Amino acid sequence: MADAPVIRIEHLFKQYETAAGPVPVLKDLSLAIGAGEFVTIMGPSGSGKSTFMNILGCLDVPTSGAYLLNGQDVGKLGKDELARLRNDVIGFVFQGFNLLPRANLLDNVALPLVYCRVEKNERIKRANEVLQKVGLGSYGKSRPNQISGGQQQRVAIARALVNRPRLILADEPTGNLDTGTSREIMSIFSQLNQEEGITIVLVTHEPDIASYAKRLVHFVDGRVTHDGAVSRQVMVEAHA
Amino acid sequence: MIGAMLSEAWYAMRANRLRTFLTMLGMMIGVGAVVLMTAIGQGAQFVVDESIAAMGSNLFIVLSGSTTSGGVRTGGGAAPTLTVTDAEALAGLPTISAVAPMQPGSAQVVYGSNNWSTGVSGTLPSYLDVRAWRLSAGYPFTDSDVRSATRVALLGQTVVKNLFGDEDPVGKTIRIRQSPFVVVGVLAAKGQSLNGQDQDDTIVIPLTTAQRKLFGTQFPGTVRYVMAQAASLQAMPAAQQEMTQLLRQRHHIREGADNDFDVRNLTAVANTAAETSRVMTMMLGAIASISLLVGGIGIMNIMLVSVTERTREIGIRVAIGARERDIRLQFLLEAIIISVAGCFVGVLIGVGGAVLVNLFAQMAVVITMSSIVVAFLVAAGVGIFFGFYPANKAARLNPIEALRYQ
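Respectively, the protein sequence lines represent chains A and B.
Each residue of the first sequence is one higher than the last, beginning at 1 in my numbering.
Each residue of the second sequence is one higher than the last, beginning at 1001 in my numbering.
These aren't lab readings, by the way, just hints derived from the structure by calculation.
Fair warning: this is a prediction, and the values are worked out from it, not measured in the lab.
Where a beta carbon is used, it is the ideal one built from N, C-alpha and C, also for glycine.
Incorrect hints may have been included.
[Said to hold, decoys possible] Just a few of them, taken from the derived set where beta-carbon distance is under 10 Å, the chain A residues facing chain B:
1. Lys-79
2. Arg-117
3. Lys-120
[As the list claims (entries may be wrong)] Computed footprint of chain B on chain A, listed as stretches where at least three residues anywhere in the stretch have a Cβ under 8 Å from a Cβ of chain B:
4. 86-96
5. 102-116
This is chain B alone, in the form it adopts within the complex:
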């Protein structure tokens, strides 16, 4: 039964080749547009998600406040109000899972005949957890390195490339501002941050070493900023409040007075970027869907013409025993074949277009199986939806009038 109907649908479609092709073209363009646009949108989303994953999740940065000296106000992070013990206290909050006090600076580094200027950050071993940063070689420094302020360093990929080239840096000694440091590990590549900074151009050393032996400080025990990781995304608002409260308490800030620190939610910014790209993807998909809809209307239009043209044929079929549902199924099958075949070519066009965009526009594209499956299901749905009305019209024809139709 279905076999006979499929071959009849094939003959009907072949009898009007150009028309069938043009009808399919509508579906091809619609599905192609949906696949391509989703690929581009998901590509953008992928880039943002990668950056967020590289930054670390659920992050806060607590900056020490600004100072006013002789009427001149410095920027945030200049006043030495934030201490290592503040960081330890923050770590005790139930909503905070890890903290890393940071003492950053910049320094000239030398290995052999190579030298390189880079950022050097003093911190605790917990920094690697907070930033979700793995090592590609060697080992991280430990709490005992921090206690005894040993001269050990973890190098970012960019630093390794500039100082060592192809040489294995682990175990080698480099000089940071003339002091010798043993390289104990190499950080895995992280790439660019959301604002374009090279996150791999860095050296990480124990906090105490940075404070006592490298940069020195007028205010022992203070840090420039603290990175804190909330236990979960949901805990972030509570964590922000608790941290602010705790620090005000510890810094003896009276009711109504300004904070001498600043708690910033890094993830919020990143999430906004992610949300933006998600909305972008949806909008692209929605706009492309409109062309799919137009393709569907094209199918309906042609099927209606086809039903009218074949009125007599329908009458003959009914007279020799076709039931309403047989006629309906026959026309529905034609609509579905047109839309599914159009969809198949459309997917190829979309995937091909995405590959071209990737090659020539250097844009990230992500083609997922799910977007293709969804496109297929939607196309079949469009075929059924827009094919149903003409098919039903065919099935409901009065056979006597249909037989008389010239």
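Isolated chain A, as found in the complex:
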């Protein structure tokens, strides 16, 4: 079911310069993710998952190697063009929800549209649509601190969806949620993947969550040690 790759990573290296010298985090990574895939990324902490996600999300740039997003070499783009990609090609969902506490839910969801200059009535209309999609249509005027964690994460998903991205990057989206709520959130992701064909890349360390995906990529020490079907054994090893 994977068409032309949405994400193509070729010989990607990433190292951070520290006082004690360069610290390599990602080492010669090559990977392709096709349109409509649901990929989960696992690995022990410090294995480079987050750095990898930051690069996928155009928040960070590789030290060397190529990252092609929809066939476009991200390394050759300027800051404004990267911002544009984050705005309408990629949708972010974070572990800590990251909603703006002062703004109501509708404004939170509509925020990405502000940065691509969608006019106000259209912003409100589209924000309402996606809020309904995640089952919070009547909460538009509430503030983030008035709703539960699971609801906040649904608002964050709505925000990620509002600009109709083809790729959603989720960094431990259920890390702060209980099991029941986690399932609700994961079923939303499954639905988006199956019904709308949105490509999803999701980082988690919970095998239950990973099992919603169809493909598992396992990182150890900046390298891919497993790339294939979601396998219990790999997941258990990952936690060992």
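Take the given structure of chain A and dock chain B to it, following the hints.
What follows is chain B alone, placed relative to chain A:
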């Protein structure tokens, strides 16, 4: 876009009401001080400028010299060295536009049952031009009045008030030292001179009438002093030199000998006063500007705190597609709103303060549109200037670290 950012700025400012208010207070005091101080300074300047305009512009006064009689030296203007023909010769100089020979004296004046003691000056019709003095009623006397030494008089406002009250003086006959004079005109009010003299307490009559019929003189054809007006402010130094040269020549004063006359530049004194008040205005403005600067630093301080507090928010915005310039604009807008709103209230405070000063301290204040506009522009400038560094700092934040910030 701007609309959304304005409402976000509004929410951010409302979330920290007290802090926003205190930051604005710095701007309010700064702008208020600038507006008030400029109003007071310009008020002082206005008073001086008025006095100068009332005196007449580019003026010289040529006094006849002092005499020494039996070892006693008299003051300037006592010796009868200056003549009407001297004045006519001075009028011929290209740098001089008008001259008025003056023969002053004082006299008791009577009209009906009222009497008043005042200064009476004999002069030529050109005097009114030299002093830039208009008539509020009637007509000036003419050259033919001077030729035939007619008994006509122009009255100053103070004299009119004391002799006539509400009555119209034009055409009436008054007595100056018992001689009847017909009032032909009334001089417009001039108010006080720079040294506090009432310039309206005067009567002006033809020079010949003063010399022959009123005061008499041992030296016919001499005058006490001559007022001369230079063609322009720039011509004044040249005019002073030419006049001195011409008079020395006419008075046959040898090389090295002292002048028997004295040429004084009246405008120089007045200009010094004007310059002083201008410098005063600038100094007041400059001192007030310092408080504006302090207000600006307050904005920068608070914006820096705000950027730090909202690090995570900035990270979120960047992650969902805000460009550097969007973040910069957002924080810049907040700084500008604070400074412009502070400025608006500051202008009200300044104008209100100026009105109070005017009411209670009886000081002249001048509030000009330009000073308010300048205050506004400066405030917006201060907002941009002091808001730029924090805004830029926000825009340059590393989004990954910003998202991790707790």
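Structure-based check of each hint:
| no. | hint | result |
| --- | --- | --- |
| 1 | Lys-79 | holds, 6 Å |
| 2 | Arg-117 | holds, 5 Å |
| 3 | Lys-120 | holds, 7 Å |
| 4 | 86-96 | holds (count 5) |
| 5 | 102-116 | holds (count 7) |
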